[in-house]
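Each chain, written out:
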Amino acid sequence: MTPPVAFVARVYKPRIGARLVAVAAGCLSLMLGVPAAVADGTLERAKDPVYGWVLYNYHQGEAFEALTLLDVARERGGIRGHGDYPTLLEGGLMLSYGITREARDLFTRLLEDANTNDSVALAPEVRSQAWFYLGKVFYLEGDYPLAYENLQRVDAEVLQESDSELYAEWLYLRAQLAMMSERYRGKGGDKAGDETLIENLRKRLKHSGPWAHYLSYNLAMAGIAADDLTQAQQRLRELITSMEGETPKDELVSEHRALLDKSRLSLARLYLREARFDDALTVLGAMPLDGVFTDRALFDYAVAATGQGEMQRALDTLDALSQRALFVPWREQVPYARGYVLEQMRRPREALGAFSQAAKHYEIRSNELIAARQALTEENLMRRLNVLRNSDEIITDSYGRLRVTPIDFGLSEVLATESFQQALGELNELYRMQALLVQREDQLSTFETMLETRRLQRQRRSRETHVELEQQQAGDWVEAQGAFRAKIEAALVEEDAEFFMTTEQKALKYRLDKVAATLAQLGSNANDTTGQRKTYKRMKAYFDWTVANDYGVNRWAAQKQLSELSREVEEFQSQRAAIELLMAGDKKHNELAGRLARNAAELQSLKTQVQGALAQARSILMGRLDSALEQQNKELRRYLLASRHAQARLADQLFRASQSTEAAND
Amino acid sequence: MTDSLKTLTAGMLATLMLFMSAVAHAEPGTAEDSKAVAERVEDLKKKVIRLNRDLFILEEDLLFPASTQFAVFLSVDAGEFLKLDAVKLKVNGDIVASHLYTNRQVTALERGGMQRLFIGNLKAGTHEVTAFVEGIGPNNRAYKQAATLAFEKGTETAALEIRIQDRSSDYQPMVSIVEWE
Numbered sequence: 000m001t002p003p004v005a006f007v008a009r010v011y012k013p014r015i016g017a018r019l020v021a022v023a024a025g026c027l028s029l030m031l032g033v034p035a036a037v038a039d040g041t042l043e044r045a046k047d048p049v050y051g052w053v054l055y056n057y058h059q060g061e062a063f064e065a066l067t068l069l070d071v072a073r074e075r076g077g078i079r080g081h082g083d084y085p086t087l088l089e090g091g092l093m094l095s096y097g098i099t100r101e102a103r104d105l106f107t108r109l110l111e112d113a114n115t116n117d118s119v120a121l122a123p124e125v126r127s128q129a130w131f132y133l134g135k136v137f138y139l140e141g142d143y144p145l146a147y148e149n150l151q152r153v154d155a156e157v158l159q160e161s162d163s164e165l166y167a168e169w170l171y172l173r174a175q176l177a178m179m180s181e182r183y184r185g186k187g188g189d190k191a192g193d194e195t196l197i198e199n200l201r202k203r204l205k206h207s208g209p210w211a212h213y214l215s216y217n218l219a220m221a222g223i224a225a226d227d228l229t230q231a232q233q234r235l236r237e238l239i240t241s242m243e244g245e246t247p248k249d250e251l252v253s254e255h256r257a258l259l260d261k262s263r264l265s266l267a268r269l270y271l272r273e274a275r276f277d278d279a280l281t282v283l284g285a286m287p288l289d290g291v292f293t294d295r296a297l298f299d300y301a302v303a304a305t306g307q308g309e310m311q312r313a314l315d316t317l318d319a320l321s322q323r324a325l326f327v328p329w330r331e332q333v334p335y336a337r338g339y340v341l342e343q344m345r346r347p348r349e350a351l352g353a354f355s356q357a358a359k360h361y362e363i364r365s366n367e368l369i370a371a372r373q374a375l376t377e378e379n380l381m382r383r384l385n386v387l388r389n390s391d392e393i394i395t396d397s398y399g400r401l402r403v404t405p406i407d408f409g410l411s412e413v414l415a416t417e418s419f420q421q422a423l424g425e426l427n428e429l430y431r432m433q434a435l436l437v438q439r440e441d442q443l444s445t446f447e448t449m450l451e452t453r454r455l456q457r458q459r460r461s462r463e464t465h466v467e468l469e470q471q472q473a474g475d476w477v478e479a480q481g482a483f484r485a486k487i488e489a490a491l492v493e494e495d496a497e498f499f500m501t502t503e504q505k506a507l508k509y510r511l512d513k514v515a516a517t518l519a520q521l522g523s524n525a526n527d528t529t530g531q532r533k534t535y536k537r538m539k540a541y542f543d544w545t546v547a548n549d550y551g552v553n554r555w556a557a558q559k560q561l562s563e564l565s566r567e568v569e570e571f572q573s574q575r576a577a578i579e580l581l582m583a584g585d586k587k588h589n590e591l592a593g594r595l596a597r598n599a600a601e602l603q604s605l606k607t608q609v610q611g612a613l614a615q616a617r618s619i620l621m622g623r624l625d626s627a628l629e630q631q632n633k634e635l636r637r638y639l640l641a642s643r644h645a646q647a648r649l650a651d652q653l654f655r656a657s658q659s660t661e662a663a664n665d
Numbered sequence: 000m001t002d003s004l005k006t007l008t009a010g011m012l013a014t015l016m017l018f019m020s021a022v023a024h025a026e027p028g029t030a031e032d033s034k035a036v037a038e039r040v041e042d043l044k045k046k047v048i049r050l051n052r053d054l055f056i057l058e059e060d061l062l063f064p065a066s067t068q069f070a071v072f073l074s075v076d077a078g079e080f081l082k083l084d085a086v087k088l089k090v091n092g093d094i095v096a097s098h099l100y101t102n103r104q105v106t107a108l109e110r111g112g113m114q115r116l117f118i119g120n121l122k123a124g125t126h127e128v129t130a131f132v133e134g135i136g137p138n139n140r141a142y143k144q145a146a147t148l149a150f151e152k153g154t155e156t157a158a159l160e161i162r163i164q165d166r167s168s169d170y171q172p173m174v175s176i177v178e179w180e
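Those sequence lines, one after another, are chains W and C.
Number 665 marks the last residue of the first sequence (numbering that gives the first Met the number 0); no jumps.
Number 180 marks the last residue of the second sequence (numbering that gives the first Met the number 0); no jumps.
Derived from the structure by calculation, the hints contain no laboratory data.
It cannot be assumed that every hint is accurate.
Sample of chain W residues at the chain C side, in silico, Cβ under 10 angstroms [to be verified]: (1) A45; (2) W52; (3) L54; (4) F63; (5) E64; (6) L68; (7) M93; (8) G97; (9) S180; (10) E181; (11) A422; (12) L435; (13) L450; (14) N598; (15) Q608.
Predicted model only: the values in this text are computed from it and were never measured.
The C-beta atom is built at its ideal place from N, Cα and C for all residues, glycine as well.
Excised from the complex, chain W in its bound form (with noise of 0.2 angstroms):
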């Protein structure tokens, strides 16, 4: 029966909900080509690892985490030997991600640079590409001004030598705001030419495919919003005739056939609007039974079928319609419009019948609207939509919208409108925010757990290095080389050779004056003694000569030395104040500590921030069911009280007939 009803707004929103999603896909796409196109078609390998953990992120589609890392590579000086590309993917990324306009001020400083600055080597094509893929994205929001200002900026001829489909959404795009405004028409207003901008831009789609026809099918709507009802039917008689005549490709056969079938009712409309039923019919006749349009076009031909004065045509079409399983707002029309065509054909009781089963019906279908704007909540509008899942995770399309079609089909019409549906996705997008704010919080309670971990490791260590330091009895240690500097300066002071002596000198030192006390325990009368004399007197000249000869040298040694232990012992108090100050406060803790502070604050603060956009969504969202679902019950509050009047009418009627039976019988 009726397809999904995204596949309806694709038609109400020409190619809006559809073809213009891809929007972000071809940003990245065309990101992806950047470096190629650099590269003479080869992939270029990336200079910094980072760039290609970017890149590995970016080609999953995970957009938020290539984000991320870009800015943290920002944070830490920047991706090295990739020049402005890194920048350029950040700015489709952003597209993707949904940051749109800071995304515009990214590209614009990006593309404006590669006009003026040499080291942006842009190819013209990835230029003329990146503008148009900004524009379109600023269409897509409604932000015209600068989807015009975007797309005024691509280079036609470029573009359509890179990539003739993207020329026709260009041209189509164009065509679409020169409809919305004149300002929107360029510097030679509404002339190209002999003619009009529109009518230049459409003829260069003529042979685009689908493009060009849904331009036709939307000039035909502007010419009835501008009364124009001759213009507008001229122009969907021809796009009828046109699209008649094509045999679509293969993926394109559904699109194809619901905008013909669209443009086919419209054009019947019209017909009915002027009271031209026997075109209106011939028209919907042609429609197929199984498309898209096929309850309306049921329903606008039984109306036709009446005005032409077949009532037995427009009740049996009727009834076929009330078969129908399905249920969507318009239909509602339905019951009463049985009783009317039976009305006509002076069936009253009949009729009455079916006046008083549509009351009953509107009346039910009235109290069941009443109970679901009463028992409106998030959680029972989410039970009556089917959103399309891959395990866990919700299934959105290019720009964050949701896959979803109403399980309860009196919901088709409000789910079908941009702005619902964008509302949707935005109420996606926050609780996505939301379950990465909570799973963010609890990594920072885990650091804070590290932190408080490593504080007490740190804690404990200090203690020991303090009992160590104790024990190594450092002022002991200071205080024998600030006695061993005072003998060394006082003899050198007094040129004490002797003090200066080597340990073999002064062990030579101790056995002459060995020699010398046995000498002198022998007495000096000693004849025997006298040879041992001369040699210990030899010997001690020779001695007292070379430490007199050596004291220089000596001396250097034990200054030398001297200077050493002072270094040492400098760098050993150096050391000890350096880990007495750490043990005293631990900057890289507080530092670490500060900024995980900090982070928490941030967190917070962006938690209470989420809370209130997603009040703010939800509440928009409701709004707008709630207000869809009142218009919907004044509807049938209507078509209640005018069934109820149809029968007390007909009742009447039918009352009066049988007395004046009885009176004629009487």
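Starting from the known structure of chain W, fit chain C onto it as the hints suggest.
Structure of chain C alone, referenced to chain W:
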């Protein structure tokens, strides 16, 4: 009767016009609301990215200080001769990371992406890293190859790359480990 027909027809035409005008008009109040929420969501997204960045850096500073940080990336150059399936990484004889690849990940690698396979801490000194790569090689045969690198870790962050490349000389894949400066 004629009035009813007029009412019905008018009702239908009103519906018709409603559908038609839906293309051109939007409710101004709701559009403003939507814009306000959209801008708020966009602003929040930027803030969330910033917070995520700060936490990312904080996590690295806390767990993997620059003096001991050691990261291993993996890249696939072309991927014509090897369809990557799994990778195992050993550092000094211990398995520190293993990964099974999805098609999406393989495609991302083949398109120039680099995966950060491992991040950890290593002391300054000599270390040995071994990577075991598995996949489907030429002629659809199961393929396994290992590569080893002994490297000197200084006091700066160290980054290695497991590079899977196509070797056109013998139409075979080649696995190597290179050090990033």
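Here is what the structure says about each hint:
1. A45: 6 angstroms, holds
2. W52: Result: holds, 5 angstroms to nearest chain C Cβ.
3. L54: Holds: closest Cβ of chain C sits about 4 angstroms from L54 of chain W, inside 10 angstroms.
4. F63: Hint on F63 of chain W: holds, closest Cβ of chain C at ~7 angstroms, below 10 angstroms.
5. E64: 9 angstroms, holds
6. L68: Result: holds, 8 angstroms to nearest chain C Cβ.
7. M93: Where the cut-off is 10 angstroms and the nearest Cβ of chain C is about 9 angstroms from M93 of chain W, the hint holds.
8. G97: Result: holds, 6 angstroms to nearest chain C Cβ.
9. S180: 12 angstroms, violated
10. E181: 16 angstroms, violated
11. A422: With a minimum Cβ separation of about 6 angstroms from chain C (threshold 10 angstroms), the hint on A422 of chain W holds.
12. L435: 7 angstroms, holds
13. L450: With a closest approach of 7 angstroms, the L450 of chain W hint holds.
14. N598: 5 angstroms, holds
15. Q608: 6 angstroms, holds
Consistency note: the structure conflicts with the earlier hints numbered 9 and 10.
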